[in-house]
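*Asks:* The residues making up each chain are set out below.
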Amino acid sequence: MQKNPQTIAQKILAAHCGRDHVGQGEIINAEVDIVLGNDITMPLAIKEFKKIGVDRVFDKDKIVIIPDHFTPNKDIQSAQQCKAVREFASEFKIKNYFEVGRMGIEHALLPEQGLVVAGDLIIGADSHTCTYGALGAASTGVGSTDLAVAMATGKLWFRVPSSIKFEFKNNLKPWITGKDLILYTIGMIGVDGALYKSMEFTGAAIDRLSMDSRFTMSNMAIEAGGKFGIIEVDEITETYLKGRAQRPYKVYSSDPGAEYDQVFEIDCSQIDLQVSVPHLPSNAKPAAQLSDITIDQVVIGSCTNGRMEDLEVAAKIIEGKKVKEGLRVIIIPATQNIYLEAMKRGYLKIFVEAGCVVSTPTCGPCLGGHMGILAQGERALSTTNRNFVGRMGHPSSEVYLCGPAVAAASALTGKISIPGEGAR
Amino acid sequence: MIIKDKAIKYGNNVDTDVIIPARHLTSTEESELAMHCFEDLDKDFKKKLAWGKIVVAGANFGCGSSREHAPIAIKASGVRLVIASSFARIFFRNAINIGLPLVQSEEAAQNIMQGDELEADLGGGTIKNLTRGKVYRINPLPDFIQGVIKSGGYIEFIKKELGK
Ligand code: SF4
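Line order of the protein sequences matches chains C and X.
Heads up: the first sequence runs through residues 720 to 1143, numbered per our numbering.
Heads up: the second sequence runs through residues 456 to 619, numbered per our numbering.
A hint or two may mislead.
Not everything, but these chain C residues come out facing chain X in the computed CB check (under 10 angstroms) [unchecked claim]:
(1) Asn748
(2) Glu767
(3) Ile1092
If you're looking for bench data, these hints aren't it; they were derived computationally from the structure.
Every value quoted in this text rests on a predicted model; they were computed, and no experiment measured them.
We put the CB at the ideal spot given by N, CA and C, even for glycine.
Could you put together the complete structure from these sequences and hints?
*Replies:* Right, dumping it as structure tokens:
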């Protein structure tokens, strides 16, 4: 066995502070590969950046700015914020500023554009920055002050996390996607079950999981309090990176004998389609047990489930049918490329003919921004990631979380439903 | 630093959406954010501020979004200290970075009741509960983080480092 075995999280952090080894719990100062901001976190970061008193950013090509939350601008105030962000991007010649029309939801867009790659250390002023862990990167959310400091210096302090390993074994039941696996996992360990820790997703079921489903899983690591949600690079990752990675990437893996706080074995053959009931993502239950719950709105979208696989699952279930009368069904492809591809494949036609709304890419209703806010007492079933009090609108409204199959099946019935057994 | 004030108590998993709902994130003004602090959690929060300025909560305080607006809203409301069993990591970073004092102590968080009068000595590592006659020991923060706090936040710390 190797001396000083390390987890993948330790190795990536060590590599970014010029060392061979870092210890769990240690505080280090490390160089970051990509720094991300959006229309909500950038305005505060700009204020802080100006206070530092530097007249340039550390590297204009390593900063990514995406106005995706309240865009296309939902009101005058959000328009002001986006204007300030746009002007900052132009002043500092930020190459990767994505204007409305090219913009997509950040955590779908960065991987798609090849801006984030395996082996990277990435910070973003958005909690779901952990999404890129699916590419074998160490990637985590920070706040606006951290964003400002990273834009100025290219460096940030990190506490090296300890890790929890999740081994997903056996085959998935029909219609199960990454969303069901991660809701189940959060249900098992709780919303603080991985607080400050790196979650590692491994096992035969992960090896067979699509890239889109992997992104969904890493995306929600934060919903268990996790710092990273890492999946090691394999052929599926490399196929995805090929032709899109804008930089050479590095493959790291955890050493045999690396130290884990906990190791969970999860038998996927026992996992049913999941729904997390209000008001915590950890309130996961089999969807089949919730068939009495009626809904007012369905949302299929977000950085969690607005990718091609999600639209494909939804289109298969909705094709040729009509959404339940009185129900609002909102579908939001996460990026322009996904939108275009869904158009080519005829999915958008299926959705519109069924009576769904199809929106331009935006975070929109996911955070109660716009494009589908809930009224008092209303209930939504949503493929997004948070069901906190008031998340999608009125404080008395409710959000139930699920994957694309349950969302689409429920769109047809107006109640929480699972799709028929039909082959995928 | 000694902080003497009364406790306002909340439960587990106080998330950033109830600390400052997204509908108010179209502003970065401290006063504006303070006005809406905790409004979806506790309509009486502002009234309570008249008698207490230490927030005490359970596990995973500040979970959810990375919005720094959350600790800013709390600090700008006049809250002087947050004590919790545990903090969500991004919230923890953000609070340190902007200079909102935090104490993580399960014992204190569980023991302290709404309205208790507290005297927190962060340097000395103790919280006295004057109402209940109890003393809770608190673990010192790592040196690096103490350095950030002493500088008055991360921006001031970095300015010093860069010689600005
Ligand atoms: S889609 Fe939702 S969770 Fe994802 S970045 Fe946007 S607001 Fe955040």
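*Asks:* Hint by hint, where does the structure go against what was stated? Just the numbers, ascending.
*Replies:* Per hint list: zero violations.
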